[in-house]
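With the first letter of the sequence shown counted as 1, position 128 gets the number 128 in UniProt numbering; the numbers rise by one all the way through.
Simulated from the structure, these hints should not be mistaken for lab results. From the three backbone atoms N, C-alpha and C, an ideal C-beta is built for every residue, glycine too. Some clues are possibly wrong.
To be verified - Heads up, simulated BS3-like pairs for lysine-lysine below, C-alpha to C-alpha not over 30 Å straight-line:
hint	residue 1	residue 2
1	Lys-212	Lys-28
2	Lys-28	Lys-215
3	Lys-93	Lys-37
4	Lys-222	Lys-64
5	Lys-64	Lys-37
6	Lys-64	Lys-28
7	Lys-222	Lys-93
8	Lys-93	Lys-64
9	Lys-37	Lys-222
10	Lys-212	Lys-93
11	Lys-222	Lys-28
12	Lys-37	Lys-215
13	Lys-37	Lys-212
14	Lys-93	Lys-28
15	Lys-212	Lys-64
16	Lys-93	Lys-215
Stated by the list, open to error - Label-pair ranges, simulated between beta-carbon atoms:
hint	residue 1	residue 2	range
17	Glu-156	Ala-97	25 to 31 Å
18	Cys-49	Asp-158	39 to 45 Å
19	Gly-185	Glu-66	20 to 26 Å
20	Ser-58	Cys-78	21 to 27 Å
21	Lys-215	Cys-49	29 to 35 Å
22	Thr-182	Asp-158	34 to 40 Å
23	Glu-67	Arg-143	36 to 42 Å
24	Gln-99	Arg-143	17 to 23 Å
25	Arg-53	Ala-97	31 to 37 Å
26	Arg-159	Cys-78	33 to 39 Å
27	Cys-78	Gln-40	41 to 47 Å
28	Thr-182	Ser-58	25 to 31 Å
29	Pro-132	Asp-157	18 to 24 Å
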Amino acid sequence: MNAVTTQPGDEKQLPQLPPITELPPGLKELQNITEIKIHQHLDSTEVFCCWQRPARYSLYDGTKEEEHFLYAQEVSECYVRQCLGANRGFVMKLSNADQQEVLRLQRPLRCPCGVCWWWCCCIQELNIESPPGTHIATISEDRSFCCCPGYYITSEDDRILFRISFSCFLCKLCASVSIQITERGEPVAEITKNCSGNCKDFCGTENEYTIKFLKDMHVQDKIIILGSSFLIDYNFFERQQRTCC
Numbered sequence: 001m002n003a004v005t006t007q008p009g010d011e012k013q014l015p016q017l018p019p020i021t022e023l024p025p026g027l028k029e030l031q032n033i034t035e036i037k038i039h040q041h042l043d044s045t046e047v048f049c050c051w052q053r054p055a056r057y058s059l060y061d062g063t064k065e066e067e068h069f070l071y072a073q074e075v076s077e078c079y080v081r082q083c084l085g086a087n088r089g090f091v092m093k094l095s096n097a098d099q100q101e102v103l104r105l106q107r108p109l110r111c112p113c114g115v116c117w118w119w120c121c122c123i124q125e126l127n128i129e130s131p132p133g134t135h136i137a138t139i140s141e142d143r144s145f146c147c148c149p150g151y152y153i154t155s156e157d158d159r160i161l162f163r164i165s166f167s168c169f170l171c172k173l174c175a176s177v178s179i180q181i182t183e184r185g186e187p188v189a190e191i192t193k194n195c196s197g198n199c200k201d202f203c204g205t206e207n208e209y210t211i212k213f214l215k216d217m218h219v220q221d222k223i224i225i226l227g228s229s230f231l232i233d234y235n236f237f238e239r240q241q242r243t244c245c
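Kindly produce the complete structure, drawing on both the sequences and the hints.
In structure tokens:
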């Protein structure tokens, strides 16, 4: 006869949860960051000669502005960059200081014509993968209101996570811009681009914007908002700031 080892009233032990996968350097810093400054590397030759190079960005902690913690490099075909400009499809690879790719963004090529009869062919989208190869979210253009296009961000199972909206009357050229990101109607973050009023802003040789997190957020939500900001940059900032494309 087996001895009774469990006394009445003893609580059953709950199974242990699997350990959370440790974030790689570059994404780990996002846990404590409340502001991200994203600086695009541009030169006057690239702008005035109308020759689009693959976009390059450095990402900084906006409150410290020390050494960048992530570097973003666009991968795209040369002819696509020259012919389609800001409307082009691309893959954006974000790497840490160890040159390890930690985040990947994929923008499929869409018809740049806003009056395309095949509506699904011109809706702008960007897929977010972290780690690379694992889809976690998609940002899509919302054309419910033709004059004021917004965006919504969905999870891998098509749940709406965030919405992005801005005024129809914002001047995109040589003006400060603030774009609000909401979760169930509550502001959780904003994307801001400040205009210094100098020649670089007018000519398009400078592109820098900031993401501010207005509340404590899970690091994956920060990753998703960070990735989504690149579609805003291409659709909203870059399209208007170049003199030729």
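Hints versus structure:
no.	hint	in the structure
1	Lys-212 <-> Lys-28	17 Å, holds
2	Lys-28 <-> Lys-215	18 Å, holds
3	Lys-93 <-> Lys-37	17 Å, holds
4	Lys-222 <-> Lys-64	18 Å, holds
5	Lys-64 <-> Lys-37	10 Å, holds
6	Lys-64 <-> Lys-28	16 Å, holds
7	Lys-222 <-> Lys-93	17 Å, holds
8	Lys-93 <-> Lys-64	24 Å, holds
9	Lys-37 <-> Lys-222	13 Å, holds
10	Lys-212 <-> Lys-93	22 Å, holds
11	Lys-222 <-> Lys-28	11 Å, holds
12	Lys-37 <-> Lys-215	17 Å, holds
13	Lys-37 <-> Lys-212	9 Å, holds
14	Lys-93 <-> Lys-28	17 Å, holds
15	Lys-212 <-> Lys-64	14 Å, holds
16	Lys-93 <-> Lys-215	27 Å, holds
17	Glu-156 <-> Ala-97: 25 to 31 Å	28 Å, holds
18	Cys-49 <-> Asp-158: 39 to 45 Å	43 Å, holds
19	Gly-185 <-> Glu-66: 20 to 26 Å	35 Å, violated
20	Ser-58 <-> Cys-78: 21 to 27 Å	23 Å, holds
21	Lys-215 <-> Cys-49: 29 to 35 Å	44 Å, violated
22	Thr-182 <-> Asp-158: 34 to 40 Å	18 Å, violated
23	Glu-67 <-> Arg-143: 36 to 42 Å	40 Å, holds
24	Gln-99 <-> Arg-143: 17 to 23 Å	39 Å, violated
25	Arg-53 <-> Ala-97: 31 to 37 Å	23 Å, violated
26	Arg-159 <-> Cys-78: 33 to 39 Å	38 Å, holds
27	Cys-78 <-> Gln-40: 41 to 47 Å	19 Å, violated
28	Thr-182 <-> Ser-58: 25 to 31 Å	28 Å, holds
29	Pro-132 <-> Asp-157: 18 to 24 Å	20 Å, holds
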